[in-house]
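Enquirer: Given the coordinates of chain A, assemble chain B onto it according to the supplied hints.
Read off the chains here:
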Amino acid sequence: MNSVPDIFRILPEVVLTITGVAVMMIDASLPAGVARRSLGWVAAIGTTLALWASLWQLSLPEGTGFYATVETTAFTVFFHVLICGIVLVSLLLSLDTLPERNHHQGEYYALMVFGAVGMCLLTSAVELLLVFVALEISSISTYILAGYRKETGRGPEAALKYFLLGSFATAFLLYGVAMVFGATGTTQIYEIARLAPTAQNHGFVLLALAMMLAGIFFKVSAAPFHVWTPDVYEGAPSPVVALLSTAPKAAAFALLLRVLYEMLPTLRPVWSPLLWVVAVLSMTVGNLAALRQENVKRMLAYSSISHAGYLLAAFAGLGSSGIAAASFYIAAYAAMNVGIFAVVTLVSGYDDKLPLIADFRGLMYRSPLLGSLLIFFLVSLVGIPFTGGFFGKFYSFSAAVGGGAIALAIIGLLNSGLASAYYLRLAFAAAQRPADRSAETPLLTPQVGVAVGAALLLAVAATLVLGIVPGEVLRAAEAGAHTLQAIPEAGAHVITMAPQLKP
Amino acid sequence: MTTIDQSILTLILLVPLAGAVLVALLPDRGKLPNWIALLTALLSFGLTLHLPAHFIAGANGFQFEINHVWIENPAIFYHVGVDGLSLWLVVLTGLLAPVGVLASWNAIKERRKVYYALFLVQQTAMFGVFISLDLMVYYGFWELSLVPMAILIAMYGRKDGPKAAVKFFLFTFIPSAPLLVAILWLYARTGSFDFATLQAAVVSGSLPAGPLCWVALAFLFAFAVKVPVFPLHGWLADTFSEAPVAMAMVVAGKLGLYSMLRFHVGLFPDQARAIAPLMIALTVIGILYGACLALVQRDFWRLIAFATVSHFSLTTLGIYGLTFTGWDGAIYQILNQGVIEGALFVLLGVLETRYGSSQIAAYGGVASKLPRTATFFVITALAMIGLPMLNGFVGEFLILSSTFTGVSRSWAFAATLGVILGATYMLWLVQRLFYGPDGELATMKPATDLHFRELAVLVPLVVLMLVMGLAPSIWMSTIEKGVTPPQVKGAAALHETLSPKPVIAGSVLNASSRLEAQR
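So the sequence lines, in the order shown, correspond to chains A and B. All letters in the first sequence, in the order written, are residues 496 to 998 by the numbering used here. All letters in the second sequence, in the order written, are residues 205 to 723 by the numbering used here.
Only chain A is shown next, with the shape it has when bound in the complex:
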């Protein structure tokens, strides 16, 4: 019946796992004194292969594998490519910025790759228990990565905070899964979708939805589940934050889309107002708090909270328009956010020697390349046309208006006006003439190596492509949206009735 071998359904994950294991094995077998930088290249090549593998999956017929626990559709491929792309850029970024003296380089690269395994699996899982496992795989890797700067106090603090709050949130998600199982007797998403509308204990389904949403909102750092974000971003090494602020979020948003649009679309009247509130809260809280930040990474942390809000606005959109808008926004957000953290990494250094906005003053004069790139990514975050940020917001708010949430779109627009104030503060601080020319030391003129150069080039290219010719990516997002909407009839191993979902 199912002609595609199951292993092909998880090919990118397999490639990534092999890469991660290989990195660890090579690391263990290398003598102590040998530089481990080349392990980063191994990881990068493996991630590139995984990216190709996900693209190759497009040629497979859509369907599920491993007893209907994972699926490959245009939707999963979209997010696989996105996540692999982000991890690749983060790896390239780490290659040049991770200090040589760091004695855990091998683990670092392996953890990044294992994190990618979890995130990728999260987007393709259609079985809630597998969702939980995938979430744990990705979370545990990122918990460790967040605390990588052990020598400072902030590193372990960040990791511990992230770990405690994160496990709490995952526990919520797991409770939700248990409730759903109690109500419907299954953890398979299509089955739940079929059974939930007629479930006898409908209250349990609602409770499950609330708990799962709490868990996911934590992962995407939407208000009021955002409090961990600034501390973790501040404490974690910048190349890790580049990953942390984008890839796990992309995976969690994919999960959110799946839960809301595929698993419980019939509960739209319940979750839609809830998301409205969370979207408005995230935007407003994020932007207002960001206005007052002096530390660049904290400011960007709050900015990422507000971006989660803009993104959630797309969920007000009906059907595939909302899914496509949200998917597009995630891609645009990832491109510009990875880019800006790459620049911040280069300017502040792995050790965050120059963490404040005031320290960025005169960057344009110290290093025109980095200054221009910083301003470019900030302009994209503001949402100026011809950058990815513009079309991201454009599609998101259009979807909201299309879904009838005009007030949400207006609040979003006002918020993006507000947000421009703090983005500009950083941009213009970077453009300003340096206060004291004699303070210029070689330390302050960062060097851009080959790997970092490639990372920046990828981020810039992605941001520009999404801003100038968004058609192709939008088509991919729409294709994904349609596969998410259309619940497959009689999956490979699950015997389902013809879907009778009429919202």
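Bear in mind the hints are in silico, worked out from the structure with no lab data behind them. Don't take each hint at face value.
[To be verified] Output of the computed footprint for chain A on chain B, the stretches with three or more beta carbons under 8 Å from beta carbons of chain A:
{"#": "1", "region": "306 to 317"}
{"#": "2", "region": "379 to 385"}
{"#": "3", "region": "399 to 409"}
{"#": "4", "region": "510 to 517"}
[What the hints assert, rightly or not] Short, incomplete list of chain B residues facing chain A, as computed with Cβ under 7 Å:
{"#": "5", "residue": "G234"}
{"#": "6", "residue": "I275"}
{"#": "7", "residue": "E276"}
{"#": "8", "residue": "I355"}
{"#": "9", "residue": "M359"}
{"#": "10", "residue": "G365"}
{"#": "11", "residue": "P366"}
Cβ coordinates follow ideal geometry from the N, Cα and C atoms, glycine included.
Expert: Relative to the frame of chain A, chain B by itself:
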């Protein structure tokens, strides 16, 4: 030739951008960025000259049109074209590019590469605003035009660059949010961003009048801030006194005034008529207010900023008088302002780089030290205050006479007071800077008169002032064509002053007949 006609506008857009990329890629060594920027600017100016040379003066509608699908969802088309309204603005933008490069030649000493790359990006954005016929593309360029200017203000600001940059950016960025909403509303109703389609939809009356009123207001608000119209002028003085001279020169005024004429009066004629009395009142206040404030400024950049408020208000008056003559005059005045302010900014920049101060009180008696500068300055000042035979006169006369006959005698009278005040502050400025007892700067600092490079900028501009004053018909024939709608074709716009009531056309610009029909 036809292939060039079909791609000339794309070339005009891309050449400065390519130049910017080239500047960015090549090393920042010596004057290399300057030379590349100059060559690019000259090349793009040459390309813009292709437009009037091959413009078919008698034809209606847009010429050199290009219309391709850019993005399918939403349906955004790369649709560009020029008509009598935008033709000379494109050429003016092209002309000011080499002038701007030469004006910054020695003024910009650090990070030349960044400066010239952004300067050229700004050129592309401005060309884009003038030639876009798809509202989304137009909006894109409108927003893009903010970015290089704001960065350069922050980088090269004289005192507190970042503050002025934020002010400049937010003043334009925030009103453009309602503009975007309005554009999206139009798209939701009509399914198109195309200027001609929207124009037809608005005129046909198929759109609900209530929301349309707000949409028109959102357009007007965004443009009025950019011009700026009183009381939205808060950003201008800081921007002028902080921005690099050449940037202030190329950006001033044109974008907002053109957008008003094309996208407010041109797109929403009924709504424009409804709000015209308010706009006329505001512009007359602006004329007098700007002139009065200009009288009391101590810093010459701020003086010019308020003088600009006054002059642009006069131009806006011409637009909202809603007479063809007024529109002719307004467009001509936009061109005049570009040329005159170009020269003025160069001259003041010369003074500031020589003496390092923009305080008027520090000057005095400079004419004996820098006689050529003084001569050029006097000619420019006279052109600005509207001396007959120089270009300022033609535009001001058309606007004021159309207001007098077509709108209201009392408003025209009040506006004319502004012209008198204008003469006062400009001549007083000339007197305080160049004549009278020697100021501290003139005695303390030795300075050299205009260099060859500065002359190369100023001589063409001054000649242009004379030619535009003596033979306005060269420009007027195409401008009238752009302004006069086809139904009154043949009747020269100037004759329309005979009718006492303002004539409002169904549309300023007729886009229905395409160039293809002519061939």
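Enquirer: For every hint, state whether the structure bears it out.
Expert: Each hint, compared with the structure:
1. Coverage of the region 306 to 317 of chain B by chain A holds [criterion: at least 3 residues with CB-CB distance below 8 Å; count 3].
2. Counting residues of the region 379 to 385 of chain B whose C-beta lies closer than 8 Å to any C-beta of chain A gives 3; at least three are required, and the coverage claim holds.
3. For the region 399 to 409 of chain B, the stated coverage by chain A is not satisfied: 0 residues place a CB nearer than 8 Å to a CB of that chain, which falls below the threshold of 3.
4. Proximity of the region 510 to 517 of chain B to chain A, defined as three or more residues with a beta carbon under 8 Å from a beta carbon of that chain, is not established by the 0 residues found.
5. Annotation: B:G234 was flagged as interfacial toward chain A, and the flag is violated, the nearest CB pair being 16 Å apart, outside 7 Å.
6. Using the Cβ-Cβ criterion of 7 Å, the hint placing B:I275 at the interface with chain A is satisfied: the shortest such distance is roughly 5 Å.
7. A distance limit of 7 Å between C-beta atoms decides the matter here; for B:E276 the minimum to chain A is near 6 Å, and the interface restraint holds.
8. Annotation: interface hint on B:I355 holds; nearest CB of chain A at approximately 5 Å, less than 7 Å.
9. At its closest, the beta carbon of B:M359 sits 4 Å from a beta carbon of chain A; the interface hint therefore holds under the 7 Å criterion.
10. Checking B:G365 against chain A: minimum C-beta separation of about 6 Å stays under 7 Å; hint holds.
11. Proximity of B:P366 to chain A holds as hinted, the smallest CB-CB distance being about 4 Å (cut-off 7 Å).
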